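Trainee: Listed below are the residues making up each chain.
2 protein chains.
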Amino acid sequence: MLYIIGLGLGDEKDITLRGLEAVKSCDALFLEAYTSILPGISRIKLGEFYGKEIIEADRGLVETKAEELILERAKKETVGFLVVGDPFGRATTHSDIVVRARHMNINVEVIHNASIMNAIGVCGLQLYNFGMTVSIVFFTETWRPDSFYEKIEKNRKAGFHTLCLLDIKVKEPTMRAMMKGVEEYHPPRFMSVNTCIEQLLEVEENKKQNVYNGSTLCVGLARVGTSTQKIVSGTMKELLDVDFGEPLHSFIICSDEIHEMEKEYLEFYKVE
Amino acid sequence: MLYIIGLGLGDEKDITLRGLEAVKSCDALFLEAYTSILPGISRIKLGEFYGKEIIEADRGLVETKAEELILERAKKETVGFLVVGDPFGRATTHSDIVVRARHMNINVEVIHNASIMNAIGVCGLQLYNFGMTVSIVFFTETWRPDSFYEKIEKNRKAGFHTLCLLDIKVKEPTMRAMMKGVEEYHPPRFMSVNTCIEQLLEVEENKKQNVYNGSTLCVGLARVGTSTQKIVSGTMKELLDVDFGEPLHSFIICSDEIHEMEKEYLEFYKVE
Numbered sequence: 056m057l058y059i060i061g062l063g064l065g066d067e068k069d070i071t072l073r074g075l076e077a078v079k080s081c082d083a084l085f086l087e088a089y090t091s092i093l094p095g096i097s098r099i100k101l102g103e104f105y106g107k108e109i110i111e112a113d114r115g116l117v118e119t120k121a122e123e124l125i126l127e128r129a130k131k132e133t134v135g136f137l138v139v140g141d142p143f144g145r146a147t148t149h150s151d152i153v154v155r156a157r158h159m160n161i162n163v164e165v166i167h168n169a170s171i172m173n174a175i176g177v178c179g180l181q182l183y184n185f186g187m188t189v190s191i192v193f194f195t196e197t198w199r200p201d202s203f204y205e206k207i208e209k210n211r212k213a214g215f216h217t218l219c220l221l222d223i224k225v226k227e228p229t230m231r232a233m234m235k236g237v238e239e240y241h242p243p244r245f246m247s248v249n250t251c252i253e254q255l256l257e258v259e260e261n262k263k264q265n266v267y268n269g270s271t272l273c274v275g276l277a278r279v280g281t282s283t284q285k286i287v288s289g290t291m292k293e294l295l296d297v298d299f300g301e302p303l304h305s306f307i308i309c310s311d312e313i314h315e316m317e318k319e320y321l322e323f324y325k326v327e
Numbered sequence: 056m057l058y059i060i061g062l063g064l065g066d067e068k069d070i071t072l073r074g075l076e077a078v079k080s081c082d083a084l085f086l087e088a089y090t091s092i093l094p095g096i097s098r099i100k101l102g103e104f105y106g107k108e109i110i111e112a113d114r115g116l117v118e119t120k121a122e123e124l125i126l127e128r129a130k131k132e133t134v135g136f137l138v139v140g141d142p143f144g145r146a147t148t149h150s151d152i153v154v155r156a157r158h159m160n161i162n163v164e165v166i167h168n169a170s171i172m173n174a175i176g177v178c179g180l181q182l183y184n185f186g187m188t189v190s191i192v193f194f195t196e197t198w199r200p201d202s203f204y205e206k207i208e209k210n211r212k213a214g215f216h217t218l219c220l221l222d223i224k225v226k227e228p229t230m231r232a233m234m235k236g237v238e239e240y241h242p243p244r245f246m247s248v249n250t251c252i253e254q255l256l257e258v259e260e261n262k263k264q265n266v267y268n269g270s271t272l273c274v275g276l277a278r279v280g281t282s283t284q285k286i287v288s289g290t291m292k293e294l295l296d297v298d299f300g301e302p303l304h305s306f307i308i309c310s311d312e313i314h315e316m317e318k319e320y321l322e323f324y325k326v327e
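The listed protein sequences correspond, in order, to chains A and B. Under the working numbering, the first residue of the first sequence is numbered 56, with each subsequent residue one higher. Under the working numbering, the first residue of the second sequence is numbered 56, with each subsequent residue one higher.
Rather than coming from a laboratory, the hints here were simulated on the basis of the structure. None of these values were measured; they are calculated from a predicted model. Be aware that one or more of the hints could be misleading.
If several chains are the same, the list does not tell them apart, and a pair holds so long as it fits within one copy or across any two.
Restricting the straight-line Cα-Cα distance to at most 20 angstroms, the calculated cross-link-like pairs of lysine to any residue (SDA-like) are [what the hints assert, rightly or not]:
no., residue 1, residue 2
1, Lys292, Glu76
2, Lys100, Ser282
3, Lys212, Tyr183
4, Lys318, Val154
5, Lys68, Phe104
6, Lys325, Asn162
7, Lys226, Glu127
8, Lys325, Trp198
9, Lys131, Ala121
10, Lys107, Asp298
11, Lys292, Gly269
12, Lys79, Ser282
13, Lys318, His158
14, Lys100, Gly214
15, Lys263, Glu164
16, Lys68, Glu293
17, Lys131, Ala232
18, Lys285, Thr250
19, Lys292, Arg155
20, Lys285, Asn162
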């Protein structure tokens, strides 16, 4: 039996009663720890709260050893795979595990929870006015992927808002690790709203299709669903210097066809 | 103090620990009961589970008496407004209450939960490949609103899937009630996947823009997130005769640019 359990967005209290019941019944617990983080709590604290050991499932484990470590075990025992947010809120990884489990005739139960994909509704923009979600990844010297630009263009032409999910780099091996095969990682990095805006403006500067610009109305969000949640609305340029604090950050590019009610709501979060 | 508390999608066990803590602290509890329902449980049973009385907040109460009954009370006491799914998953009503509460300087805290808008990810279609969500309302003799057609067209042209939220009619006053001012309601009605498809095909038949047709790949979903959840994928025509059982139902029109992994996942739910 494999439970895929959404943890919600904040800390240990954001699990559902159904989720906690499932956790209690598990013989082994894995925490997916590379597509998102729980801002309010560590894996160790979460384990103490459950009274159970939690094994960190990093990218390596999930992509190369999931079958052996998680799925084989789930054939005989009850295994819980814990996911920040909703199990299907973000990454394809979780669908992949379910597909593989089903091929192995393992019983799978999904326990849903809040995801950033719906919690962003808290800023007052209506979820049904959002188009396709885009991912903004950290630019490097040699890799500056800008496929999001075309998607944002489609959304804005159709009158949709765009949610931008910002990059997370956890357990990225260092160059030395890759060359010499040793275990050594860069410190974790989480993209800020500010970096996201810089990258967006750089791409607009290159493409010059005027999909958006410094005057486009946007919303920056940090730690949505936690007690330190921060939401600020303003133009892209205005938000460039706002300090959103600790991760995780998200960003919304509003449609120019924004509704009156949505505008009124955003006023509460207007940049000072 | 006003808590807006998401209940999730199934029954009393889908509330989060944080949500339950808030419920316990409330002097008064209202359940929003006209944009959605909890398939697995009634208001009375929910109240027994909490050990508290829950007042039903129907459309009339929320739209005309929210200020007096909910907000004035929240100025002095702790009031909980319970919402099926996530507080911002679906209706503008909830944003409206928050805006009004903020204007009255009432402290508002939102407790998120799963919403149909993200839980549909369970069928294997990736959430970020969805465009704008549309609402399909019951056609009547004289009122056959089809504004969804244009939105589906935009989504499909842009390569997005479309989530269709299906109409719910709860506490709709009868003609007699409206004429004579008495309290009398039609029995509750919930749109089925089948009715949704009939309406969609009728509109295509009239508009003839070939936005979709009987051969378009779709997914019907019922009672998502509950133990009786049913998901079936197939062409619009194939799904026309599938019995999805009890409410609530949802419907997805897939993009023709569906990814390989999404297709593989949908195979699990293929119509027999």
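Trainee: Next step is simple, just say for each hint if it's right about the structure.
Mentor: Against the structure, the hints come out as follows:
1. When the C-alpha separation of Lys292 and Glu76 is checked against a cutoff of 20 angstroms, the pair qualifies neither within a copy, at 47 angstroms, nor between copies, at 40 angstroms.
2. In this homomeric assembly, Lys100 and Ser282 come within 20 angstroms of each other (Cα to Cα) only inside a single copy, at 18 angstroms, whereas the closest approach across copies is 30 angstroms.
3. Taking the closest pair of Cα atoms, Lys212 and Tyr183 come within 20 angstroms of each other both inside a single copy (16 angstroms) and across two copies (17 angstroms).
4. Taking identical chains as interchangeable, the C-alpha atoms of Lys318 and Val154 lie at most 20 angstroms apart only when they sit on different chains, with a minimum of 11 angstroms there against 41 angstroms within one chain.
5. Taking CA atoms no more than 20 angstroms apart as the test, Lys68 paired with Phe104 passes in both settings, with 9 angstroms inside one copy and 19 angstroms between copies.
6. For the identical chains of this complex, Lys325 and Asn162 are inter-copy neighbours only, at 18 angstroms across copies versus 48 angstroms inside a copy, given an alpha-carbon limit of 20 angstroms.
7. In the homo-oligomer, the alpha carbons of Lys226 and Glu127 never lie at most 20 angstroms apart, since the shortest distance is 25 angstroms inside one protomer and 50 angstroms across protomers.
8. For the identical chains of this complex, Lys325 and Trp198 are neighbours neither inside a copy (34 angstroms) nor across copies (40 angstroms), given an alpha-carbon limit of 20 angstroms.
9. For the identical chains of this complex, Lys131 and Ala121 are intra-copy neighbours only, at 15 angstroms inside a copy versus 53 angstroms across copies, given an alpha-carbon limit of 20 angstroms.
10. For a Cα distance limit of 20 angstroms, the shortest separation of Lys107 from Asp298 qualifies neither inside one copy, at 37 angstroms, nor across copies, at 42 angstroms.
11. For the identical chains of this complex, Lys292 and Gly269 are intra-copy neighbours only, at 5 angstroms inside a copy versus 47 angstroms across copies, given an alpha-carbon limit of 20 angstroms.
12. In this assembly of identical chains, Lys79 and Ser282 lie within 20 angstroms of each other by CA distance solely across copies; the values are 19 angstroms between and 26 angstroms within a copy.
13. Taking the shortest alpha-carbon separations for Lys318 and His158, only the inter-copy value of 15 angstroms comes in at or below 20 angstroms, while the best intra-copy value is 48 angstroms.
14. With identical chains, the CA atoms of Lys100 and Gly214 are never at most 20 angstroms apart, being 43 angstroms at best within one copy and 42 angstroms at best between copies.
15. In this assembly of identical chains, the alpha carbons of Lys263 and Glu164 never lie at most 20 angstroms apart, being 47 angstroms within a copy and 42 angstroms across copies at closest.
16. In this assembly of identical chains, the alpha carbons of Lys68 and Glu293 never lie at most 20 angstroms apart, being 35 angstroms within a copy and 43 angstroms across copies at closest.
17. Proximity of Lys131 and Ala232 under a CA criterion of 20 angstroms is satisfied in neither setting, with 36 angstroms inside one chain copy and 60 angstroms between copies.
18. Only within a single protomer do Lys285 and Thr250 lie at most 20 angstroms apart by alpha-carbon distance; the minimum there is 17 angstroms, versus 42 angstroms between protomers.
19. Within a single copy, Lys292 and Arg155 get their C-alpha atoms no closer than 45 angstroms, and across copies no closer than 30 angstroms, so neither meets the 20 angstroms cut-off.
20. For the identical chains of this complex, Lys285 and Asn162 are inter-copy neighbours only, at 15 angstroms across copies versus 40 angstroms inside a copy, given an alpha-carbon limit of 20 angstroms.
Hints 1, 7, 8, 10, 14, 15, 16, 17, 19 from the list above are not met by this structure, while the remaining hints are.
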